[in-house]
Amino acid sequence: MEHAPVNTDIQEPKPKTAPPHGDVVKPVDWKDFRDHLGTADQEGHRVWLYPRKPHGRFTRARTWLSWVLLAVMFIGPFIRIHGNPLLLLNFVERKFVILGQVFWPQDMILSAVTLLIFITGIIVFTAAFGRLWCGWTCPQTVLMEMVFRKIEYFIEGDAPAQRVLNRSPWTAAKLARKLTKHGIFFGLSFMVGNTLLAYIIGTEQLFQIVTDNPMNHLVGLTFMILFTLLFYGIFARFREQACTFICPYGRFMSTLLDENTIVVAYDHKRGEKRGTLGSRRGKEADPVSVSQNPPPHVGDYGDCVDCRQCVNVCPTGIDIRDGTQMECVHCTACIDACDAVMDKIHRPRGLIRYASLNGIERGERLRVTPRLVGYSVLLLALIGLWSVLVFTRADVEATFLRAQGALFQQMPDGRFSNLYTVKVVNKTSREMPIELKLENVAGRLQVMGREFVVPPEKLAETSVLIELERSQMQPGKTPLVVGVYSGGRKIETLKTVFIGPRDDTR
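Counted the way this note's numbering counts, the sequence shown spans residues 1 to 506.
None of these hints come from the bench; they were simulated from the model. Keep in mind that the hints are not guaranteed to be accurate.
Once the Cα atoms are required to be at most 25 Å apart in a straight line, the calculated BS3-like pairs of lysine-lysine come out as [what the hints assert, rightly or not]:
{"id": "1", "residue 1": "Lys150", "residue 2": "Lys53"}
{"id": "2", "residue 1": "Lys458", "residue 2": "Lys490"}
{"id": "3", "residue 1": "Lys458", "residue 2": "Lys495"}
Full structure from sequences and hints, please.
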């Protein structure tokens with residue numbers, strides 16, 4: 001049986017000098033890789049990365065998943081559940097909608113539990129699967145690698161072509177390519193920025209800003225421009241530095257990983273000692289002979305042929321063979337690149353794979369550790385508490401307070417009156433007529449003004465006058481229980497006090 005030809009990219013390793021984006025930079029001392037970022041030289045200058053286009057099963061899976069996530073992201077603001085958006089984080093009006101459920105500042109306990117679930121979920125997920133979120137579902141990675149990077153490949157070519165283009169003198173063809181690429185980048189950034197804005201202010205407000213006179217919406221227009229420039233700067237220039245410099249998750253991750261966490265790992269026991277194809281067959285080996293006779297384990301050589309394909313495809317510029325690193329986002333590009341090389345030299349796949357440290361060192365299967373069990377129990381408890389709070393959550397949030405500075409008044413018929421202020425937050429998407437009744441005394445409660453109706457997802461406020469007979473009052477303060485009704489159904493019970501004379505003279 002004839003063997004497939006060896007990839008021509010598998011060559012003698014070259015000195016690890018950082019590829020420049022224009023000017024020549026000094027080589028980095030790659031031996032102390034944990035003390036230096038792969039995107040900066042020894043003087044701290046930016047080293048522009050040119051990752052090769054990855055191919056393989058994991059890349060295909062990530063691509064399909066990215067289309068689903070992108071569809072959800074761009075369609076999300078227009079999806080309605082019970083008349084409410086799928087997700088809305090309106091910090092200006094302090095209104096938050098998650099899966100169609102409206103949350104207000106009055107839901108502080110629920111919001112705090114939601115935040116704890118999010119943090120605990122990250123802890124559990126990271127402790128078990130490492131940075132799987134970063135490589136597969138993080139919006140930064142999905143947009144950068146599956147949208148902007150693919151456009152760049154289409155316009156400028158793969159990594160070698162991009163290097164040649166960036167180092168070449170400015171010509172009409174180069175200018176046309178650069179303008180086309182950055183024009184598309186800016187347009188996509190505008191779409192991404194407007195989508196984010198829709199998640200903050202809602203689609204109705206966004207359409208109003210877009211269709212109305214811009215002078216009437218200077219604040220919204222300013223944010224629209226700022227978001228566009230922000231995303232353009234991230235995806236056109238800042239790129240992987242958003243993960244290595246800005247995002248705290250990589251640093252936070254190091255406190256959560258243990259020997260049983262699944263990470264993208266290089267099997268050093270199988271791969272070392274590294275040796276190129278030439279070193280295994282001799283420096284003058286005939287490439288055709290090498291391709292027809294895959295190199296076996298010669299001496300103490302391992303499976304790694306030191307082709308550096310895993311490094312060439314890495315979007316953060318690291319060498320996964322150096323071990324788990326903060327910059328690794330688990331994008332699996334190195335796995336696909338290494339598997340392709342293993343196929344060509346007829347060695348088993350998985351030299352770089354998803355594995356745990358114990359799995360590589362001892363051949364152990366993934367096991368559930370006590371720490372992971374503790375995190376999971378805490379997460380389930382928080383989810384249970386959150387469920388109870390959501391399902392027992394009232395449709396309205398009401399406060400009933402005595403009017404500031406108002407004293408009790410004695411009416412001509414001998415009764416006493418107190419003036420109150422009632423505020424009601426309607427958390428539903430429908431109008432809610434409100435009726436107030438005294439529950440524990442037979443007094444008179446009068447809502448000032450017209451019928452008290454709270455608009456959907458709004459706060460309404462009105463004044464209430466309560467009158468009591470002297471015989472129904474206690475000296476000083478009389479406890480009151482006020483029922484809040486809507487459509488004949490009691491939805492909340494409020495407690496307050498009625499202020500009267502301190503003496504008990506009847």
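Can you confirm whether the C-alpha distance between Lys458 and Lys490 stays at or below 25 Å?
20 Å, holds
Under the criterion that the straight-line Cα-Cα distance not exceed 25 Å, is the pair Lys150, Lys53 satisfied?
8 Å, holds
For the pair supplied as a hint, Lys458 and Lys495, confirm whether the alpha-carbon distance does not exceed 25 Å.
Judged against 25 Å, a Cα distance of about 23 Å means the pair holds.
When held up to the earlier numbered hints, the structure conflicts with none and fits them all.
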